[in-house]
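Asks: Between the sequences and the hints, there should be enough to build the whole structure, so can you do that?
Okay, here's what each chain looks like letter by letter:
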Amino acid sequence: MGEWSDPAVAEAYRRHAPRLLGTALRLLRQREDAEDTVQEAFIALVRHAPAIDAEGAGAWLHRVVVNGALDRLRSRRRWRTEEPDEAALAAPAGTMPDPRALDLARAVARLPERARLVFLLHDVEGLLHEEVGAALGIDSGTSKSQLARARALLRVALEGRP
Amino acid sequence: MTCDGLDLLLVSDDPGDRAAAAAHAVRCAACAARLRFEESLASRAAAWREAGEIPAAGYEERVLAAARAARSPAARGRADRPAAGSRFARRAARRPSGLRVGWAALAAAAAFGGAMLGLSFRGPAPGTATGGRGLIVADALEAAERAEQEHAAAIAQLVAAAEPVLARSSDPATAPRDAALLLAYRDRLRALDRTIGEIQGHLARNAGNPTARALLLAAYTEKTDVLRELLALGAGLERGTS
Ligand SMILES: [Zn+2]
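Which chain is which? The protein sequence lines are A and B, in order.
For reference, each letter of the first sequence is one residue, going 4 to 165 in my numbering.
For reference, each letter of the second sequence is one residue, going 574 to 815 in my numbering.
Please note that a few of the clues may not be correct.
Facing chain A, a subset of chain B residues (Cβ under 10 Å, in silico) [said to hold, decoys possible]:
(1) Thr575
(2) Cys576
(3) Ser585
(4) Ala725
(5) Ala777
If you want the ones that stay clear, here's a sample from chain B, every Cβ over 10 Å from chain A, calculated [claimed, not checked]:
(6) Val584
(7) Ala592
(8) Arg617
(9) Leu637
(10) Ala734
(11) Pro737
(12) Val738
(13) Ser743
(14) Tyr758
(15) Thr794
(16) Ala805
(17) Gly809
For the record, the hints were derived by calculation from the structure and aren't laboratory data.
Where is the CB? At the ideal position from N, CA and C, for every residue including glycine.
Replies: Next comes the structure, spelled out in structure tokens:
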């Protein structure tokens with residue numbers, strides 16, 4: 004523990020940056036915002052997390068990125084109505100060499116916003132319903148029902164049947 | 574169970590519920606097909622999570638430079654003023670009773686954190702990454718950050734000392750009642766860590782948020798107290814067994 008030295012930050016970047024960028028891009032669907040969110044997480048690591056060690060840094064950074072991305076989504080919603088543009092729907096975030104992941108990304112992009120966020124946070128980012136609820140300001144029962152809705156819509160999109 | 578209950582079981586975080594869904598699917602073709610879809614969805618989600626994103630050229634340099642600047646003497650220019658941070662830390666550690674925030678209240682604050690800290694304290698200029706920073710005098714921010722670092726450093730030492738005590742919860746020589754107590758402490762510490770992580774997440778976006786800063790200091794103080802209690806408990810167990 005102690006200060007985060009330059010080499011330690013560089014190592015944390017190499018280990019975690021691609022996945023953190025993936026998380027931020029999935030939630031935000033906007034590359035510039037995603038890059039800023041991940042950068043802020045590394046600044047926060049240096050400034051606020053001297054007690055976090057290298058092993059714990061991945062989970063800590065992931066949490067900060069998720070919170071930061073949700074904050075950005077909230078402020079976007081407060082100040083303008085955001086419609087994802089067609090380009091974002093056609094070419095969802097991520098390099099994704101796995102075609103099955105690409106299909107999923109396209110289908111997720113067309114979900115209603117709340118169901119999209121609940122699905123991403125729970126099924127992709129690995130949060131529990133309680134945590135999803137806290138992050139989105141909904142109760143965990145709503146998180147569960149939104150997840151069921153998201154999965155049902157995805158089944159239609161991916162398998163063509165309910 | 575009936576087929577109607579499958580939805581609830583499949584979205585549950587409880588592994589027991591998923592096992593119940595699987596048990597039903599063995600006897601029901603429709604639900605078996607549904608379960609197969611859920612499994613393929615989970616593996617697609619995992620593939621997506623693992624895929625990551627290749628950073629743009631120059632991005633690594635930008636992030637590392639920003640991290641360096643965040644800690645450099647230039648950025649922390651007022652750090653060597655006569656220990657304002659230490660005074661702040663000591664005051665927080667003394668914990669005037671009226672200012673104490675219980676861990677349950679903290680956990681509740683963090684549970685609302687997404688909505689409360691994220692929305693209520695956003696600066697008037699949305700979209701600017703450092704919105705709140707201009708609202709607070711640099712000195713005060715510096716003092717708060719130093720106080721937090723001192724707390725974090727002290728806590729790390731306590732955590733190291735507490736680890737062997739917590740480990741005794743799985744020691745067969747520990748009485749079941751003591752083991753249960755130790756596990757309760759472990760859970761309490763985990764809850765506090767989650768709270769601290771939530772608040773730090775908000776501070777990462779808005780360093781000048783005074784409420785978040787106060788909550789963070791209170792959470793650190795609470796964690797220090799819980800660790801001290803745990804160490805005292807450990808010493809008591811030691812005497813009891815020898
Ligand atoms: Zn059935």
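Asks: Looking back at the hints listed earlier, which ones does the structure fail to meet?
Replies: Violated hints: 1, 2, 6, 8 and 9; rest satisfied.
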